[in-house]
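Sequences are here, hints too, so could you generate the full structure?
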Amino acid sequence: MVLRRANGFNPLYQLRDEMDRLVGDFFGPATGNVAQRIGAATRSFPALNVWEDGENLYAEAEVPGLKSEDIDISVVGNDLTIHGHRGEAEREGVAFHRQERGVGQFNRVLRLPVDVDPNRVEASLKDGVLLIKLPKAESAKPKKIKVSPAT
Amino acid sequence: MATDINVNQTEENRAERARTGQYYRPHVDILEEGDELVLVADMPGVKSDAIEIDFQDGVLTIEGSVEPRYDDKVNFLLCEYGIGDFYRTFRVSEQIDSNRIHAEYGNGVLTVHLPKVEEAKPRKIMVNAAG
Chain G
1 MVLRRANGFN
11 PLYQLRDEMD
21 RLVGDFFGPA
31 TGNVAQRIGA
41 ATRSFPALNV
51 WEDGENLYAE
61 AEVPGLKSED
71 IDISVVGNDL
81 TIHGHRGEAE
91 REGVAFHRQE
101 RGVGQFNRVL
111 RLPVDVDPNR
121 VEASLKDGVL
131 LIKLPKAESA
141 KPKKIKVSPA
151 T
Chain B
1 MATDINVNQT
11 EENRAERART
21 GQYYRPHVDI
31 LEEGDELVLV
41 ADMPGVKSDA
51 IEIDFQDGVL
61 TIEGSVEPRY
71 DDKVNFLLCE
81 YGIGDFYRTF
91 RVSEQIDSNR
101 IHAEYGNGVL
111 TVHLPKVEEA
121 KPRKIMVNAA
131 G
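Protein chains in written order, with my numbering: chain G, 1 to 151; chain B, 1 to 131.
Take the hints with a grain of salt, since some may be wrong.
[Unchecked claim] Here are the computed lysine-lysine pairs in the DSS-like style, where the Cα-Cα straight-line distance is at most 30 Å:
#1 67(G) - 133(G)
#2 47(B) - 133(G)
#3 133(G) - 143(G)
#4 126(G) - 47(B)
#5 126(G) - 73(B)
#6 146(G) - 73(B)
#7 126(G) - 136(G)
#8 116(B) - 144(G)
#9 144(G) - 133(G)
#10 143(G) - 73(B)
#11 124(B) - 67(G)
#12 67(G) - 136(G)
#13 136(G) - 73(B)
#14 124(B) - 47(B)
#15 73(B) - 141(G)
#16 47(B) - 73(B)
#17 126(G) - 141(G)
#18 73(B) - 133(G)
Rather than coming from a laboratory, the hints here were simulated on the basis of the structure.
The following block contains the structure:
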């Protein structure tokens, strides 16, 4: 069966995503190139998978064709911003028969649900997959509360 | 400049029969450059040794298997895309020199070069006057 990249997740995050998109559209680049060409398939680019464990948040994105110097990642407050550009080689005398791969600038802002330590954020890029590891701030880590018997 | 589509995607049901299980269709660009067709496909997360390219009877098949990158039981806060193998077929109406097909992969992008068969050059046949 052919899968479409769909999302089925928590309505709360859907709302957040809507907001993210609204903000993104409003402040995003005026060219609208990526929004038109990539955005048609995946609402905002890059699509993100975000998960957590006790110590870290992880954000993963598929960014084929991008090199590490094409991507800027920043964490300000609780906002993770992924900004970048996918270029297109200038080709002379080329006739396109099909053009599905998006090009141009993109800017994705994600409001993180917990505080992270911005100084220890790490990112790696392998085979077109970007993985960002965001260590949780001490205050955001789960704490086991011991219940002591009443005396 | 050619305006007709030389490379058509084969019907979905053909692909369905060719392979069972779940897979994703990679986004592609197809362009004509000099004397070759070039297919560029986004296949992130695939290792170069996990790609198979097949060209037979005018049908090009590209396939890339993707290893799971995390346990699917992880606690997702946001899940906007799924991860799985890539698979897509194309019918190529141009005559392709299959021996010279070559491909490269880097940064999650597969590029396949399909050189066209040189068209038979017109040959003048001399008619000699009978002696």
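Checked hints:
no., hint, result
1, 67(G) - 133(G), "holds, 18 Å"
2, 47(B) - 133(G), "holds, 22 Å"
3, 133(G) - 143(G), "holds, 21 Å"
4, 126(G) - 47(B), "holds, 10 Å"
5, 126(G) - 73(B), "holds, 23 Å"
6, 146(G) - 73(B), "holds, 27 Å"
7, 126(G) - 136(G), "holds, 23 Å"
8, 116(B) - 144(G), "violated, 67 Å"
9, 144(G) - 133(G), "holds, 23 Å"
10, 143(G) - 73(B), "holds, 22 Å"
11, 124(B) - 67(G), "violated, 53 Å"
12, 67(G) - 136(G), "holds, 27 Å"
13, 136(G) - 73(B), "holds, 20 Å"
14, 124(B) - 47(B), "violated, 51 Å"
15, 73(B) - 141(G), "holds, 20 Å"
16, 47(B) - 73(B), "holds, 24 Å"
17, 126(G) - 141(G), "holds, 28 Å"
18, 73(B) - 133(G), "holds, 18 Å"
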